[in-house]
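Trainee: Sequence:
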Amino acid sequence: MINVIDNMEAQTVQPAMQNGGLMKPNVVGVGGDEDSKTNLIVNYLPQNMAQDEMKSLFGKFGEIESCKLVRDKLTGQSLGYGFVNYLKPADALKAVKTLNGLRLQCKTIKVSFARPSSQAIKDANLYISGIPKHYGQLDLDNLFNAFGRIICSRLLLDHECGESGRPRGVGFVRYDRRCEAEKAIEGLNGNIPHGGKDPLIVKFANNPGQHYQKCLQQMYQQMPIISPTLSPRRVGGPVSAGGSQNFIGPMRHMAHCFRWQQMGSKMQGLIGKLLPKNFMFNPMTSSDVISHMNLQAMTNNGQGWCIFVYNLPADCEDGLLWQLFGPYGAVTNVKVVRDQPNQRCKGYGFVNMLNYDEALSAINTLNGYQLNGKRTLQVSFKSSKQKS
DNA sequence: TGGTATT
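Letter by letter, the first sequence follows residues 431 to 818 in my numbering.
Honestly, the hints are just simulated from the structure, not real lab data.
Among the hints, erroneous ones may be present.
Calculated pairs, BS3-like style, for lysine-lysine (alpha carbon to alpha carbon, straight line, at most 27 Å) [what the hints assert, rightly or not]:
no., residue 1, residue 2
1, Lys490, Lys524
2, Lys563, Lys627
3, Lys552, Lys633
4, Lys627, Lys613
All chains, full assembly: derive it from the sequences and hints.
Mentor: This is the structure in structure tokens:
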């Protein structure tokens, strides 16, 4: 990754904080809030690093006013970045100089002064494809420099870990402000860059949280008349906004939503924690149930037990799976499998549930469930043949 | 389509 020294005609420049070329000078923008001299943002932290560890690492450079590892509000998983606010600017500077570029596990952390938080700096990351294959990182930066202050940019390479990485023609550019990113889209999207043959595609990059939020939003908007304590067999009422499904209005019961919010600490557990305590050792335990299960069906990615759902309608959305399975316990993820060209559901999907007994209860109730009295769902633990 | 970038 390269950090680009911005081309703004500015102003006050703090001492450059060089560390292997990773840092840029901190610049105070025209009329903008002055960047903090004590508050640091730390990026690219290892996934399993805890806030305490972060604090202890940064605490070596001086007294810390606050330290926060940012976590996903719903799953509790680390988002890989955090903030450290020192009491003294000199200590913050020392931490940047010493820790920026530090290798921690497989990652190289980035430590820099945090810009003042505002709406304007959010969602300013662009995804670019169609970059001429002979373009290097600097060519990419030169192309995007004209539209604003680049915070960081990255040209993706084939075999990035290897030595002979060749540009893949795709990359990311993060601007200081979203409006700059918008200008870059306007100015570059669809245009053929100098020395290139194909038009560039420039658009906002996905951010991982958005998918989850979208699901929740969808669920909230499409909650059917269904109590978390009742079997979905009792779903009833007139068909409304959800089209062929029995959806009405906003969510009435927050009970299972509450459960999702409780998932945080559990999500960090290893696969062993997902298993019932007596699962491996008690021969009296539900042998019929265990025979149902293919060991391959047990996910070990922290998302719990994977359930295969067959005979979904072509217009099925993620929201339907959330609300069908949500009442039975903590759902960690859902996926409707779609045809590439038309995005119609291919008739099946997957649901991950955190707890085995809840997954089993969902399967027992929902297998054979008639959606709208028309389609009979087939629900089972995912077998090794079905890939999610 | 990243090494989850603004609490």
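Trainee: State for each hint whether it applies.
Mentor: Hints versus structure:
no.	hint	result
1	Lys490 <-> Lys524	10 Å, holds
2	Lys563 <-> Lys627	10 Å, holds
3	Lys552 <-> Lys633	15 Å, holds
4	Lys627 <-> Lys613	22 Å, holds
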